[in-house]
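**Student:** From first to last, the protein sequence lines stand for chains L and C.
Using our numbering, read the first sequence as starting at 1 and increasing by one per residue.
Using our numbering, read the second sequence as starting at 447 and increasing by one per residue.
It cannot be assumed that every hint is accurate.
[As the list claims (entries may be wrong)] Label pairs and their in silico Cβ distance ranges: (1) L:PRO195 with C:GLU732: 23 to 33 Å; (2) C:GLU746 with L:ALA357: 37 to 47 Å; (3) L:LEU256 with C:PHE461: 43 to 53 Å; (4) L:VAL127 with C:ASP454: 20 to 30 Å.
[To be verified] With a straight-line Cα cutoff of 25 Å, these simulated SDA-like cross-link-like pairs (lysine to any residue) come out: (5) C:LYS514 with L:GLY188; (6) L:LYS14 with C:SER578; (7) C:LYS456 with L:SER162; (8) L:LYS163 with C:GLY726; (9) C:LYS456 with L:PRO158; (10) C:LYS753 with L:TRP196; (11) C:LYS459 with L:TRP196; (12) C:LYS737 with L:GLU65; (13) L:LYS40 with C:ASP745; (14) C:LYS753 with L:GLY126; (15) L:LYS14 with C:ILE561; (16) C:LYS825 with C:LYS847; (17) L:LYS374 with C:LYS459; (18) C:LYS453 with L:ARG144; (19) C:LYS719 with L:GLU101; (20) C:LYS456 with L:GLN137; (21) C:LYS825 with C:ASN458; (22) C:LYS879 with C:PRO805; (23) L:LYS163 with C:MET447; (24) C:LYS744 with L:LEU100; (25) C:LYS453 with L:GLU65; (26) C:LYS719 with L:LEU100; (27) C:LYS703 with L:GLY126; (28) L:LYS374 with C:GLU596; (29) L:LYS14 with C:GLU596; (30) C:LYS514 with L:GLU322; (31) C:LYS744 with L:GLY126; (32) L:LYS163 with C:ILE561.
Rather than coming from a laboratory, the hints here were simulated on the basis of the structure.
Model, not experiment: these values are computed from the prediction.
For each residue, glycine too, the CB sits at the ideal point set by N, CA and C.
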Amino acid sequence: MAEKEKSDWVEWVKEQDDPRIAHTRPEALDDITILDLSNKSFAGCYCSSLLAEFGAEVVRIEPPEGDFIRTCTPFGILHEGEGLNYLTEGRNKFHISLNLEKAEAREILKGLAAQADVLIETYRPGVMDEWGVGYEQLKEINPRLIFASITPFGQFGPRSQSKQPDYDNIIQARSDIQYDTGEVMPEGKTYDDYPWAIPTKAGPWIGWCQSGTFMAVGILSALHWRRMTGEGQALDMATTEAYTAFDDYAHLWHQLDGHINERCGSLDPALWLYCFAPTKDGGVFLGGLRLEMWQAFADMLGKWDDWGAGEWTSMVPFGVMEEQLKWGPLIFAETRKYTNDELVTMSIEYSKTGRLAPITPVVAPICSPEETMKDTNWLDRGIFTPIVDPVYGEVIAAQTQHKMTETPIRTKWVCRPVGYDNEHIFLKYTGFGPSKLKAMKEQEII
Amino acid sequence: MAEDTWKDYKENKRFKPSPLKGLRVLEVCTLVFGPLGPAILGQLGAEVIKCEIPPLGDVTRSLIPIWKEQSPGLIHLNPNKYWIGLDLHKPEAQEVFRELAAKADIIEDNLRPGIMESWNVGYRQIKEINPSIIFISKNGFGQWGQYAEENRPSNDGAAQAFSGYAWMSSFPGQPPLKNRLFICDDYGALMGEVAVLSALHYRERTGKGQFIELSQSENIMRTMSWVWPYQQVTGKGAMPAGNRDVSICPADTFRSKDDIFVALAAPAPEEFKGLCTAMGKPELAENPRFKEHLTRLKDENATEILKIIADWVRTKTSQELEALAEEYGFAASHVYNARDIVQDEHFRERGFMTDIDDPIYGEYLDHEFPVMMSRTPPKRKWTARPVGFDNEFVARNILGKSDDDIKKLYECGALGKWFDMVGRRPPPDWDGKAGLIMKR
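Take the sequences, apply the hints, and build the full model.
**Tutor:** Set out below in structure tokens:
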């Protein structure tokens with residue numbers, strides 16, 4: 001009976017939230033206008049992208065030469081003149097230019113802020129104030145405005161006046177997460193022998209992306225408060241704090257007994273079964289944090305008796321590093337006998353026929369992004385559906401990570417060149433027509 | 447000015463309202479991906495009721511139970527919640543859940559597809575009694591598709607593996623490396639709340655609720671920005687580059703004279719000039735191979751300039767490097783460890799490392815929600831509780847149940863409390879009263 005109900009549920013939900021029908025549904029935030037003044041900050045761009053995906057009208061404001069972030073692209077590669085990172089996160093946004101060094105441009109910005117719900121900026125604390133467009137100044141014009149600042153150290157505190165710029169690898173370094181991620185240096189070896197056995201950052205711009213996402217949550221909460229009270233406010237985020245904020249337990253553990261988490265390769269500092277394991281043709285992740293899942297793993301490999309799995313009563317003893325270092329080689333010797341596919345299949349089969357079924361361990365192949373992008377499971381779920389952009393043509397960017405039955409997100413276009421929407425946006429918000437724009441261009445305002 | 451807006455923020459924040467005041471959230475969540483979402487809403491002022499299956503509850507309770515017999519993971523991940531032990535296998539418990547759901551705004555679960563429905567508390571059943579409910583289900587593979595239909599279990603590590611995130615976060619020629627953080631859980635939970643709060647905005651405009659599904663792997667793929675169009679445009683697979691950021695040059699981690707790892711970045715024109723001047727080699731900023739960022743990023747040029755910087759960094763201590771970064775306007779930081787974070791004066795002054803004074807788990811420092819809000823500051827207030835600790839409070843305060851009703855719910859096993867076991871029961875020094883709300 002449970003099986004029948006489940007399949008009915010799956011059909012129902014797919015019918016409601018398949019990204020293929022997203023364009024037929026309303027958008028959650030299409031009554032909101034956002035100005036994004038991000039400068040050399042992917043965090044700001046990412047924040048406004050998320051809100052634009054939910055339907056907000058985002059006006060991206062750049063200096064006439066364009067934001068430096070557009071040039072931050074792997075190996076300097078451009079697609080149709082655009083850097084590949086910016087290409088993926090210009091999505092659904094209108095792009096205008098304004099030279100904020102000029103007083104006239106700042107007056108125009110005030111006029112736009114008077115009509116906006118949210119403003120996102122990433123300048124060093126004090127810069128917006130000096131320009132006369134800081135929060136205290138803009139709230140006089142628009143008390144409902146939500147003014148969101150993203151900087152490395154925040155708007156206040158001893159280091160807030162730092163002159164250092166904000167880049168993802170620096171955020172990661174300040175987080176403690178880079179410190180204790182990485183391969184362990186074998187005894188007697190040095191950095192010259194094993195230059196990769198060092199604190200290792202994540203490859204993606206996770207420091208920036210997480211900061212931008214946190215700010216999106218802050219902005220949406222502030223919008224909720226504003227609907228209840230009419231009040232706008234200022235929001236302050238330090239990217240350094242945003243990435244470290246999810247450090248699950250290392251900082252409490254330190255307070256308990258001075259413990260400092262160190263690198264442990266692809267094991268976990270304190271959890272079992274929770275590691276990467278080598279296989280005949282690559283590697284897999286193995287997970288079994290519940291006793292029954294760890295027992296199921298032993299059983300799946302035919303080691304129930306050999307390893308005495310029936311005698312185990314608690315996971316706690318397995319978590320300590322000495323035990324992990326003892327069990328690691330034992331299980332790796334077994335996983336090396338199989339391919340990734342074989343191990344995955346064994347775990348699915350075990351969930352049907354094993355002694356502890358439906359309990360089964362987590363077994364997941366470690367994929368290259370090339371394999372990920374070809375995986376039919378994700379293709380079917382719409383993650384890599386090419387976006388046919390009016391300017392940039394067909395582009396693959398990860399999308400539709402939220403599936404929603406009423407207001408699904410969607411990618412309407414991926415990006416725009418600098419100032420591409422000057423005509424449309426200035427006409428819409430300020431009534432400026434072609435001759436006014438021409439004059440503004442001559443005066444180097446746009 | 448900014449100083450006026452933020453004057454005495456830390457001192458005054460406990461006397462200001464929270465932005466999500468008045469919202470009620472129910473969770474049926476375990477481990478990280480699930481519970482962290484409601485925790486975010488709780489810190490923003492929502493009332494969160496965490497339902498656990500008694501007597502064992504959340505699996506995180508088993509993980510390194512070292513903080514007064516409790517897992518610091520559970521403590522960190524579950525602030526500001528009320529805890530009930532509700533055995534949803536039992537019809538009477540399902541009825542209690544439905545009574546709560548009728549008075550709730552948001553429901554979050556992180557079970558495999560169809561389980562909530564098999565307990566008669568799925569989205570379709572709840573919306574019959576509360577049409578404006580916002581209901582989010584988070585798990586490994588979402589509700590549909592091959593992997594979901596094979597009913598595969600998942601963990602954060604599986605998402606790091608499936609997505610290519612681990613592959614891209616290692617050194618060239620070395621096996622893919624698992625990140626120490628449960629990043630796909632953490633980041634995914636945060637992304638979930640972007641959808642929940644957007645759905646809330648829509649509901650306030652239209653009265654309509656909805657169902658949201660989220661997959662651990664799909665969220666993290668979004669953060670891998672360039673990887674996907676790079677593979678499309680070049681026809682090549684993206685490869686890892688260790689600590690070097692291949693999109694920003696220079697940006698890498700180096701080893702200082704005093705053997706400390708220091709991350710450094712100086713890509714923008716004025717920053718790169720500053721760095722070259724600090725190195726005593728201002729001519730490098732004019733070298734045609736390095737002058738323009740796009741040219742400098744080319745593999746052969748980037749390799750060359752990073753080697754020059756690495757050699758220079760070996761001649762300076764980490765303190766000297768950070769001082770030079772301030773002086774010349776580029777970015778440099780030693781790699782922080784747990785002690786650096788806990789002791790950092792800036793974090794303390796801002797109240798990001800905030801003092802907790804919990805009736806059960808005592809005094810310690812934990813992270814404040816990292817968006818500071820001038821009118822409605824988020825706040826971390828209390829922490830984890832034993833399984834079923836707030837049963838009486840929730841049953842009486844929200845559902846109006848009498849002592850008799852509650853007694854019956856215990857008798858049939860619908861309500862339950864902790865098993866006498868590490869991680870589940872109160873800490874050894876608990877006096878039998880502290881933290882209890884309804885009756886001490």
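**Student:** All hints, please: hold or fail.
**Tutor:** Structure-based check of all given hints:
no.: 1; hint: L:PRO195 with C:GLU732: 23 to 33 Å; result: 31 Å, holds
no.: 2; hint: C:GLU746 with L:ALA357: 37 to 47 Å; result: 55 Å, violated
no.: 3; hint: L:LEU256 with C:PHE461: 43 to 53 Å; result: 31 Å, violated
no.: 4; hint: L:VAL127 with C:ASP454: 20 to 30 Å; result: 23 Å, holds
no.: 5; hint: C:LYS514 with L:GLY188; result: 38 Å, violated
no.: 6; hint: L:LYS14 with C:SER578; result: 20 Å, holds
no.: 7; hint: C:LYS456 with L:SER162; result: 20 Å, holds
no.: 8; hint: L:LYS163 with C:GLY726; result: 20 Å, holds
no.: 9; hint: C:LYS456 with L:PRO158; result: 13 Å, holds
no.: 10; hint: C:LYS753 with L:TRP196; result: 16 Å, holds
no.: 11; hint: C:LYS459 with L:TRP196; result: 44 Å, violated
no.: 12; hint: C:LYS737 with L:GLU65; result: 17 Å, holds
no.: 13; hint: L:LYS40 with C:ASP745; result: 22 Å, holds
no.: 14; hint: C:LYS753 with L:GLY126; result: 36 Å, violated
no.: 15; hint: L:LYS14 with C:ILE561; result: 16 Å, holds
no.: 16; hint: C:LYS825 with C:LYS847; result: 30 Å, violated
no.: 17; hint: L:LYS374 with C:LYS459; result: 49 Å, violated
no.: 18; hint: C:LYS453 with L:ARG144; result: 21 Å, holds
no.: 19; hint: C:LYS719 with L:GLU101; result: 22 Å, holds
no.: 20; hint: C:LYS456 with L:GLN137; result: 23 Å, holds
no.: 21; hint: C:LYS825 with C:ASN458; result: 11 Å, holds
no.: 22; hint: C:LYS879 with C:PRO805; result: 9 Å, holds
no.: 23; hint: L:LYS163 with C:MET447; result: 18 Å, holds
no.: 24; hint: C:LYS744 with L:LEU100; result: 32 Å, violated
no.: 25; hint: C:LYS453 with L:GLU65; result: 36 Å, violated
no.: 26; hint: C:LYS719 with L:LEU100; result: 23 Å, holds
no.: 27; hint: C:LYS703 with L:GLY126; result: 35 Å, violated
no.: 28; hint: L:LYS374 with C:GLU596; result: 19 Å, holds
no.: 29; hint: L:LYS14 with C:GLU596; result: 16 Å, holds
no.: 30; hint: C:LYS514 with L:GLU322; result: 23 Å, holds
no.: 31; hint: C:LYS744 with L:GLY126; result: 35 Å, violated
no.: 32; hint: L:LYS163 with C:ILE561; result: 52 Å, violated
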